[in-house]
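Visitor: One-letter residues, chain by chain:
There are 2 protein chains.
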Amino acid sequence: MITKATNLVRILLKESVNAGDCVVDATCGNGLDTAILRSLVGETGRVISVDIQATALERARKRLPASVRNVHFVHACHSTLNQIVEGHPTPTVVVFNLGYLPGGDKTLITKPETTTEALSHALQIIALGGAVIMVVYRGHAGGEAEAFSVEQMISALDPKQFVVMKHQSLNVVGVPPYVLVIERRV
Amino acid sequence: MITKATNLVRILLKESVNAGDCVVDATCGNGLDTAILRSLVGETGRVISVDIQATALERARKRLPASVRNVHFVHACHSTLNQIVEGHPTPTVVVFNLGYLPGGDKTLITKPETTTEALSHALQIIALGGAVIMVVYRGHAGGEAEAFSVEQMISALDPKQFVVMKHQSLNVVGVPPYVLVIERRV
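The listed protein sequences derive, respectively, from chains D and V.
Per my numbering, the first sequence starts with residue 612, numbered consecutively.
Per my numbering, the second sequence starts with residue 612, numbered consecutively.
There could be a bad hint or two in this list.
Same chains, same names: a pair is fine if it fits in one copy or spans any two.
Pairs of lysine-lysine residues, derived as PhoX-like cross-links and limited to a Cα-Cα distance of at most 20 Å, are as follows [unchecked claim]:
| # | residue 1 | residue 2 |
| --- | --- | --- |
| 1 | Lys615 | Lys771 |
| 2 | Lys777 | Lys615 |
| 3 | Lys625 | Lys615 |
These are calculated hints, taken from the structure and not from any lab test.
Construct the entire structure; sequences and hints are all you get.
Guide: As structure tokens, then:
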């Protein structure tokens, strides 16, 4: 289904990421996106995969064959993204999945202040023509507030520099996740 | 750019349409989408391309090589879509571009009553797993009213039967077009 948030992200990643690219998974979690990004950048590219939880990075590492050498796992808060990418090639795409680690501690969630700081760094470090792709979950306590902070920030971005798009469900019961895409104009 | 409405439609069509499919361009216009659909369904598929303006159909026909036999141009109002598709295979995808014919008479526009009727038919005739993809333009007089009617209708669709998604720009000045996707659940 092209209307499911996670599927849509895969479709958009396939369109945005090229073999050889350096890309960032700013919220590694269980490593699903890291694995997808690795398959898209191939042998010649690089994936920088960040998480504040060591458990997440361990799970993600196990998802990849031991022979894979071009995924750099970084145990840090994504709000330090500017420092994390130092010494790496310019990233073309940065992916975020907000909320908590699925199957992990649901009280450990991404927060408005650190998420907007990380996003702000992401928008500064991505290549011209690059994109930030963010999946926003709002079903948990604090989710709506975080979503509000993020939308407020990106809606104010200069349209000459960035194009911002929101992909949301209209008829789903409850609070389905939605997808934000911010592209940096060439 | 994956954030531009027309590019997004191409990306979603590429994901939704398979070779051999029967698909419908419910608002042929200058035939851009008809040509894209024809390339996606290939020699073995079928495109039914509808427009109420003969000028539009003539332009669209010229866009295709004379040897192409599997594009069926129909000079009719798309509100009769249920009759138009009679005798054809079940369509997997129906595309709409609302508004006026680019480069044509700007007073000839799609209207709320006929658009919602056409959309209602489209949702009934598409295959399970199929999709309606609609680009909504609102910059012209009557555009906002039409957009409102359409959104009201699709937001009320049973989520067990259909998934509805809206893809919209958040930071663009003016009234940019946006994309609606309605998928029929399998």
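Visitor: Which earlier hints can't be squared with this structure?
Guide: Hints that this structure does not satisfy do not exist here, as all of them hold.
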